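**Q** Keeping their order, the protein sequence lines are chains R and V.
First residue of the first sequence? That's 1 in the numbering used here, and the numbers climb one at a time after it.
First residue of the second sequence? That's 1 in the numbering used here, and the numbers climb one at a time after it.
Just so you know, these hints were derived from the structure itself, not from any lab.
Keep in mind that a hint or two might mislead.
[To be verified] One side only, chain V facing chain R, incomplete, derived with CB under 10 Å:
(1) CYS56
(2) ILE57
(3) THR61
(4) ARG77
(5) ILE90
(6) LEU92
(7) LEU108
In this text, all values refer to a predicted model and were calculated from it rather than measured experimentally.
Heads up, the beta-carbon is just placed ideally off N, CA and C, and yes, glycines get one too.
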Amino acid sequence: MLHSIYAITVKELRVFLKDLGSLFTLFVMPLAFIVIFSLALSDVYGPPEDHPIAIPISVDGAGELAVQIAAILDSADGFNVVHNDADGVPFTAQFVADAVAAGDYQFAIVFPSGFTHALTDPARLLGGGAGFVTVEFIVDPAATLQVVAPIQSAVAGVIQQTIGQMMNAAGAEQLFRLLELPDDTLALARAAVQPGPATSWSFPVVIQRVNPPNVERELFPDSYQQNVPGYTVMFMFFIVTVIAASVFKERSSGALRRVRATPVSRIAIVIGKTLPFFAINFLQAVIMFTVARLGFSMDLVNIPALLVVTAGLSLAATGMGSMITNLVRTEAQAGSIGVLLILILAMLGGSMIPRSIMPEAMQPIGLIAPQSWALTAYQDVLVRGFGIAGILQETLILIAYGAIFLAVSIFRFRYE
Amino acid sequence: MNTNGDSVATVEGLVHRYGDLTAVDELSFSINRGEVFGLLGPNGAGKSTTISILSCILEHTGGRVTVLGADAGPNARSVKARVGLVPQEIALYEDLSGLDNLKFFGRLYGLFGTRLGQAIESALETVGLADRAADAVSEYSGGMKRRLNLAAGLLHDPEILILDEPTVGVDPQSRNHIFDNVERLNAAGMTVIYTTHYMEEAERLCDRVAIIDHGRLVALDTPRNLIDSLGGGVIQIGISPDKRTSAEAELLSLDRITSAKPGPGGTLDLQTTGAQHALVDVLNALNAHNIPVESLRILEPNLESVFLRFTGRTLRD
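Model the full structure from these sequences, guided by the hints.
**A** Now the structure itself:
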């Protein structure tokens, strides 16, 4: 019996070692996941000083007090404040707003021109009503409330503390001067009102959360607007496995070889085989968005724009399916390599975790994934309220991906 | 046979290699319009490779092949439009109905609308499946699938019909049905290229037969001439080389032996007027001269024997 067990064990190992698909699934896939996920989330875990959140601040014309607040924020754990460009020129309010709109940053702070002057106005310091000074906290609408709220609170806390200390000291100094205290009394009085927390006065600064320019949507989309695009994009690429199964079945039956005997070009065959899957893929997205709309009342904002993005995405997904099918040798390889590629690209592209929380060096890598362009376009429509013109660039990139994938498919197409 | 003498396909010095394996090796023949041309040989002889090249689905690695006046190759679409291929495997979509399969392949040949409908009707009538056309192919018997496989190759009324082992694994009734179809189509003027390793099929259907072994042409003639070349049969006898000359002289003196020549594997091939009767005379003569017999085989006059005579192997080896 031992001989039999030995023979069967050796045979199974030999068969397994020849099955590249299984080897890939069991060894390469988990390793790839561990490495890529760890890299992508390295900024989320570990001490905050290792991966501070970058916040551009405009202190243009805002004066010394704004610069002082920016410096305090910069020295705080977890923040990396930038307020000058490479040449040392201060950022303007427009520049930081555009940077958020472009997706370079999730947040920005704009101190209004004359900020220091307004707050150190003697009338205000002596309790006169001079209205509020507004500091803008510009937020990318795609950023989640869970991320935005603590950061806004922290920023508000620093501003409040700094101004409170300043006002206590500065207001007392103004009073001392009016009272014309003798020097020795003045020294004692100054020592008595050393900076401390602001107490019973009305805080003169308002922190207002605003959208970046050209974004008309309300801040903070609901969870469906966040999740539906992400998972729709990810799962649409699973068409890869469906295409592979279809083509390999056709090959193994000999039907594709027979098709080769007909006067039909390879281009026609690839396009003919891609179109139905394109339609199925398109329908898949339509159903997902329809369910989200009807079942969960998700605001689709601009349906024509969503359809345009979906068309580009479907072309990229079916093109990728066709390409992988024609690059691998077996259906098992298409399954394992295809799924691995889909999951890695989905992760890099932001379907699983937002690209914005990945390390800065990793964020541009995500642009390799067609998923990232699709996701950006969907969020542009659903979260930022863009129309067709606003998502044209991303859609064209998706179409280009689809065209390249299909070209490779045609070049590598095999009948047997 | 309905040949009018002109050639529809010419193969000159055809070579095809799969890596280091030479599947077809310097093969040359031509096929006349209107004939049923048989490619006979055992499995792995190079028949399917040859017809894949003739049907323009495989690019050959050497030699020249012309079909219907044009060079054969995967890009020869004008040739493909005039050639029908019935592959060895059931190259159909099992989940679709017979009708849907025929619609699909008909459209690939540029048939639409009424022309497609008529072509399907005619093809189904030919193979006797008109009443089962709406059923899924997965519900067909093996023989019915073979017949539908044939129908799919007939839709565009090809000038040349290529059948690759069309009767493998079918019941006798479906086999006869396929034979009848081939004969009827050929009688209507269609040139047929037919590969098989069943000698009786080649004998029944083919006007000429090319016998292929290890990718090489072994013999090419009408089945009758090939069989007649065996006369009343051949005795293939193994004799040690040192006694072969004296044995040959003795055996040629026998009345029932008409000729003697070297055969495969160092044997001596004795052409007889009747193999069974001649065998007794041969053994007596060799015994009388103390010449030991190392091997002995009688080749009855049929294509199987023709193949055996030329290759030393049976078609099913």
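**Q** With a cut-off of 10 Å, does the beta carbon of LEU108(V) approach a beta carbon of chain R closely enough for the hint to hold?
**A** 4 Å, holds
**Q** LEU92(V) was flagged as interface toward chain R. Is the shortest Cβ-Cβ separation under 10 Å?
**A** 6 Å, holds
**Q** Close enough to count: is the Cβ of CYS56(V) nearer than 10 Å to one in chain R?
**A** Holds, about 7 Å.
**Q** Are THR61(V) and chain R close enough, Cβ to Cβ, to be under 10 Å, as the hint says?
**A** Violated, about 16 Å.
**Q** Less than 10 Å between beta-carbons is the criterion; does ILE57(V) satisfy it with respect to chain R?
**A** Hint holds; ILE57(V) Cβ to chain R Cβ min 4 Å, cut 10 Å.
**Q** Mind checking the CB of ILE90(V) against every CB in chain R and telling me if the closest is under 10 Å?
**A** 7 Å, holds
**Q** Answer holds if the nearest beta-carbon of chain R is closer than 10 Å to that of ARG77(V); otherwise answer violated.
**A** 4 Å, holds
The earlier numbered hint that this structure contradicts is number 3, and it is the only one.
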